[in-house]
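J.: Here is what each chain is made of, one letter per residue.
Number of protein chains: 2
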Amino acid sequence: MNSFQFQNPTRILFGKGMLEQLGSSISAYGTNVLLVYGGGSIKATGLYDRILKQLQQIGAAVSELPGVEPNPRVSTVRKGIAICREQKIDFILAVGGGSVIDAAKAIAVGVPYEGDVWDFFMRKAAIQGALPLGSVLTLSATGSEMNGSSVITNWEENLKKAIGSIHAYPKFSILDPELTYTVPANQTVNGIVDTMSHVFEQYFSQTADTPLQERLCESILQTVVENGEKAIHTPDDYAARANLMLSATYALNGGMISVGMQNDWATHMIEHEVSAIYDIAHGEGLAILFPNWMRYVYRERIDRFVQFAVRVWHIDPTGKSEEEIALAGIQATRDYFTKIGAPSRLSDRNIDAKEVGRMAKETVRFGPVGSFKKLHEDDVRSILELSL
Amino acid sequence: MNSFQFQNPTRILFGKGMLEQLGSSISAYGTNVLLVYGGGSIKATGLYDRILKQLQQIGAAVSELPGVEPNPRVSTVRKGIAICREQKIDFILAVGGGSVIDAAKAIAVGVPYEGDVWDFFMRKAAIQGALPLGSVLTLSATGSEMNGSSVITNWEENLKKAIGSIHAYPKFSILDPELTYTVPANQTVNGIVDTMSHVFEQYFSQTADTPLQERLCESILQTVVENGEKAIHTPDDYAARANLMLSATYALNGGMISVGMQNDWATHMIEHEVSAIYDIAHGEGLAILFPNWMRYVYRERIDRFVQFAVRVWHIDPTGKSEEEIALAGIQATRDYFTKIGAPSRLSDRNIDAKEVGRMAKETVRFGPVGSFKKLHEDDVRSILELSL
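Protein chains in written order, with the numbering used here: chain A, 175 to 562; chain B, 175 to 562.
Among these hints, one or two may not hold up.
All copies of an identical chain are treated as equivalent in the list; a pair is satisfied when it fits inside any one copy or across any two copies.
Said to hold, decoys possible - No more than 30 Å apart at the CA atoms, straight line, and that leaves these computed lysine-lysine pairs for BS3-like: (1) Lys547 - Lys535; (2) Lys513 - Lys547; (3) Lys298 - Lys535; (4) Lys528 - Lys227; (5) Lys253 - Lys227; (6) Lys217 - Lys227; (7) Lys547 - Lys494.
These are computed hints drawn from the structure, not numbers from a lab.
None of the values given here were measured: they were computed from a predicted structure.
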């Protein structure tokens, strides 16, 4: 186990009816609120009205930034920063999934910074502070509700980049599984893939002597696998939705499940370059890429892949070689993603070989990626070609 | 899963050499420090000198409260509160195990309160604030380094009672596994039993639909069982000490592993009454009582005990009844405690039946205890009698 520091100050309010605590949760920070949301589904479901009622009860003045994209754009973030400055906003409320929360975080850190917010994503400046923000989660996937990370796309430059800061943790997040009943099946699938992928990035590690962390990772994977299909087939299954929601939050709440482990994140970086050009859903890109990353790297530490196969997928090791067990676990991952309806090839989303070179080059812009196996441009190109 | 709120603001600095961060971690809060510690082992190991050096580097004024007892006493807490007021202390640093940290927390919440600190423990007053505190952990056991709980003994009244408050969370805790190399074997054993018992109190729950939380609990139990004997037999096994330390912290860091689950805590309340009269180590009391609590209650939800037996103790269920599997898991718990050198009967610590009635009565002073099975005075007496 490596040395580490860990802190996660976000307060979680979890369960049906927790939205009633929204007003009082905000009023400790301010009453001049920027409401950030996405494509308008929160109006169709009535959530928007419930939120406004809570804000009215604390006498809040409300500005709005609607229309945050599934891959949120820096242009939208800049718009939000301008509103915050003009309206002297003192609290940002994100209502939506990871994209909306990520946009709200980028706005929050951008407001007190004199330069352009994209500087943070290009490592040209360090985050020094942020407006306080909170979230009401409507989609289980990214864990953004309980961490300090934000991923933003710059379409002018076809770049999708991430930041992370203790200042960007939400002060609170309201997690009501009932709010995810209306999530379309394909987005539920993407959320499942995203949650599992976040665990993969932490679990497949070269760090030795981390038995507790490995088991915490396996606990989340097993819980997601057991509950995923239930939520897809019975969207209002409270227990399944609650189990997925808690799993997604714990999968990436500041690294709690992988403290002291070197993380990988290469597959996410490759996926970011795919969706920066083709604008496919993050979960779709991960479902396509991850099993191919696994096939490309598993020999680097086959014992971890054997453990994964046996503990998560219950592969019977009797009479099989390590190689066979590891590959059976990877195949089980591929099969599960396919079974729940996720794509398995880039061609399933009409992506051909044309931009593979560009995507591989951009993935390693800041140097080789990953740590389970360090990937150079050629490696990334190989994984993308395996995925065509 | 029940609805819940969760927040844990403590910053953890984990790993060898993290003590070098002590000075800078304190200076954000103040430089007039009360140093709280126990029986003086920190002087023998040289830790005391290393701490003082860190405090000198930030120019701190240092007052001291040495001699905190293994079952820390309210008289000692009152002494600490008096020092804080006289010396206008602005930060409390606890150096030791759970007892020292618990005492520091009680001092921290007692300073801003006008009445006597024992009022909090008797539910006569609510905690409204606290002096900031931090800890340097020297013993893996209680999780006090990352939660808001404190257990204090009042010898005048033979009472041992607990408080919990968001104000009592340490601002930071330094967890260096190397600092536990010198812990005597019997205290390592007590720490193992305490950690496992904390998980038991959360895991044996009547709450339905909590598959992730159950697995998180099992992850800790398995990790402790695998690493316990290594640490006992090879005190300077860094990996074993680190795995035990992280397990103990996660086992009780504000309930992270059991969010949305009703907890039990009856066995702890019974043990508190035993050690309030006989002053035995908390871990010894738990090792004696817990398997007997299990035998007394397992029929209330036999499926959880079956799962415990199979997943934690790897009991082969083939050809066995649920009853047999559950009892085999309980016996495995008893056997493990015995194997690592923990006592199994109250008579092992020279405790006879004389005070059983008084302990049973005091356990239920505030009403029946526990939730897996609600225990009345008669039930508590039966468990104590099983333990003689």
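J.: Next step is simple, just say for each hint if it's right about the structure.
T.: Quick rundown of the hints versus the structure:
no.	hint	result
1	Lys547 - Lys535	within (17 Å within a copy, 61 Å between copies)
2	Lys513 - Lys547	within (28 Å within a copy, 42 Å between copies)
3	Lys298 - Lys535	within (20 Å within a copy, 66 Å between copies)
4	Lys528 - Lys227	neither (50 Å within a copy, 62 Å between copies)
5	Lys253 - Lys227	within (25 Å within a copy, 51 Å between copies)
6	Lys217 - Lys227	within (13 Å within a copy, 60 Å between copies)
7	Lys547 - Lys494	within (25 Å within a copy, 46 Å between copies)
Hint compliance for this structure: hint 4 is the single one not met.
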